[in-house]
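**Student:** Sequence:
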Amino acid sequence: MAKNMNNLLKQAQQMQQKMATLQKELETRELEVSAGGGMVKIKITGKQELLSIKIDKECVDPNDVSTLEELVLTAVNQAVKESQTMVSSAMSKVTGGLSIPGMF
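Take the sequence shown: its position 95, counting from 1, is numbered 95 in the working numbering, and each next residue is one higher.
If you are wondering where the hints come from, they were derived from the structure by calculation, not from laboratory data. Careful, some of the hints might be misleading.
List time: in silico PhoX-like cross-link candidates among lysine-lysine, alpha-carbon distance up to 20 Å [said to hold, decoys possible]:
#1 54 - 81
#2 43 - 54
#3 81 - 41
The task is simple: from the sequences and hints, build the whole structure.
**Tutor:** Structure representation (structure tokens):
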């Protein structure tokens, strides 16, 4: 019984180390997402930090700010969603599908 418990603890420590390594990797992994046919492009990390927002000059119209606002909002929301999906997918490979609170 003690041997099984030691093996279980060892496995938990190995999983914890793998998760810490993966977490660092995901912090630097980048995604680029676009909206409006590429008129607005967002770059985001696996830590959900925005790195850049690029806006095509053609969609900058002082008489139609609301369209630009909508494109930016759509692109940011999509970037965050895709980043979260990337993180969840990578973490589930390490944890075997277990959901562990506090990971990103």
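**Student:** Does each hint hold? Answer for all of them.
**Tutor:** How the hints compare with the structure:
1. 54 - 81: Roughly 18 Å separates the two Cα atoms, so the pair holds.
2. 43 - 54: holds, 9 Å
3. 81 - 41: The hint holds at about 14 Å.
The structure fails none of the hints (numbered hints given earlier).
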